[in-house]
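These protein sequence lines are chains A and B, in that order.
Heads up: the first sequence at position 128 corresponds to 127 in numbering that gives the first Met the number 0, and the numbers run straight through without jumps.
Heads up: the second sequence at position 105 corresponds to 104 in numbering that gives the first Met the number 0, and the numbers run straight through without jumps.
These are computed hints drawn from the structure, not numbers from a lab.
Here the structure is a predicted model, which is why all the values come from computation and not from measurement.
Fair warning: there could be bad hints in the mix.
[Stated by the list, open to error] Result set (SDA-like, lysine to any residue): computed pairs, CA atoms no more than 25 Å apart in a straight line:
#1 A:Lys93 with B:Ala117
#2 B:Lys113 with A:Gly103
#3 B:Lys116 with B:Asn76
#4 B:Lys113 with A:Pro135
#5 A:Lys93 with B:Glu80
[To be verified] Which residues of chain B face chain A? A few of them, derived with a C-beta cut under 8 Å, are:
#6 Asp44
#7 Lys50
#8 Glu51
#9 Ile55
#10 Ile57
#11 Glu99
#12 Ser102
#13 Thr111
#14 Pro115
#15 Glu118
Using N, Cα and C, we set each Cβ at its ideal position, and we do this for glycine too.
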Amino acid sequence: MVRWDLFKEMENVSREMNDVLRGLENGRQSWEGLFYPEFTGRGFPKLNVYQDEDNVYVEALLPGIKPEEVEMNVLRNTLTLSGERKVETPVEGKHVYHRRERGGGRFLRTVELPYSIDSSNADATYKDGLLRVKLPKAEEAKPKKVLVKAA
Amino acid sequence: MENKEMTVQSGGNIEKVEKTRNGKHYFVPPVDILEYDDGLTLVADMPGAEKESISIGIENDILVIEGHGGVAASGENIHREFEPREYHRRFQLNEGIDREKASAEFHNGVLTLKLPKAEAAKPKQIKIETRH
C-alpha cells in the first residue's frame, strides 16, 4: 500500500518547479529540453518501481548507454544509479546538425526504497535501453506472521 | 556547405497521428539529425522498444518511424514514471534521398538510420583548370 500524502506531493511539485527554473538559469537546460523531457539532467533516467512479496523491481530507461558503464549501488534501502551518457556522432566526418534533441552528460539518481535490500543477491539485466533491476528484500524487512496463542 | 534543401522536416504540413487512436498514447522519440556530404543520419532514442517491433517506412516522401515496448513487469506498483511505450514519429523527406539504399540499426535502445543522398543531390566540386 502506498500512502498518498498531500504535503509530500506538494513538496514534490515545488521541487520539480525549482529544478526546472534552476536548470534554465544555469543554462544547462535548454528550453527545447523542456519539451523533450527524456534527458534534461534531473529526472534521468526515468524509473518505475514495483514489488512483490520477496523482491523490489526497478526499471530504468537508459538509451544508448553501455551496460558495463552504469554504476549501481545498493545500501540498505537506497539504490543509486550513475554513469555517463556519451552522445557521439554516429559517423565520423564533416557534418551539420539539423536537429539535436538527444542530450548527454553525467547522471546520478538516488531512489529510496520502502524496504531494506539484501544487496548481495541483487541482479540486473539490460536490454534495448531498458535496465531491469531485481532487489531481494532483506529477511528482516519481510512481513512475519506472529502466531497468537490462546491463553 | 550546408545544403538547406536536404533538411528533413517534422511538423508543419505533415499529418499528425491522433493521440487517441486505439486508445494508445504515442510517444515522440527525441532525435538527432546530422547531414554529411553523402547523406543524412537520423538517431532516435527509443528505449524499451523491441527490435522486432520497429518499423521504418517511407511512403510518399514521408518517413515514419514506429516501435513499441514489451509488457510491463508484474507486481504491485510503487512508483511510476513511464509506461510501455508506443513510439511514433514522422518526417518529411525530399527528393534528394536515395530510398533504396537506406539502412538502419538498433542498438541499446538507440535507432540509427542512414539515408544516403541520391547521386544528383551530392555536392560536387568543380575544378578550375589553370591554363599556361
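Now the hints, each set against the structure:
{"no.": "1", "hint": "A:Lys93 with B:Ala117", "result": "holds, 18 Å"}
{"no.": "2", "hint": "B:Lys113 with A:Gly103", "result": "holds, 21 Å"}
{"no.": "3", "hint": "B:Lys116 with B:Asn76", "result": "violated, 48 Å"}
{"no.": "4", "hint": "B:Lys113 with A:Pro135", "result": "violated, 43 Å"}
{"no.": "5", "hint": "A:Lys93 with B:Glu80", "result": "violated, 38 Å"}
{"no.": "6", "hint": "Asp44", "result": "holds, 4 Å"}
{"no.": "7", "hint": "Lys50", "result": "holds, 7 Å"}
{"no.": "8", "hint": "Glu51", "result": "violated, 10 Å"}
{"no.": "9", "hint": "Ile55", "result": "violated, 15 Å"}
{"no.": "10", "hint": "Ile57", "result": "violated, 17 Å"}
{"no.": "11", "hint": "Glu99", "result": "violated, 19 Å"}
{"no.": "12", "hint": "Ser102", "result": "violated, 12 Å"}
{"no.": "13", "hint": "Thr111", "result": "holds, 5 Å"}
{"no.": "14", "hint": "Pro115", "result": "violated, 11 Å"}
{"no.": "15", "hint": "Glu118", "result": "violated, 18 Å"}
Hint violations for this structure: numbers 3, 4, 5, 8, 9, 10, 11, 12, 14 and 15, all remaining hints satisfied.
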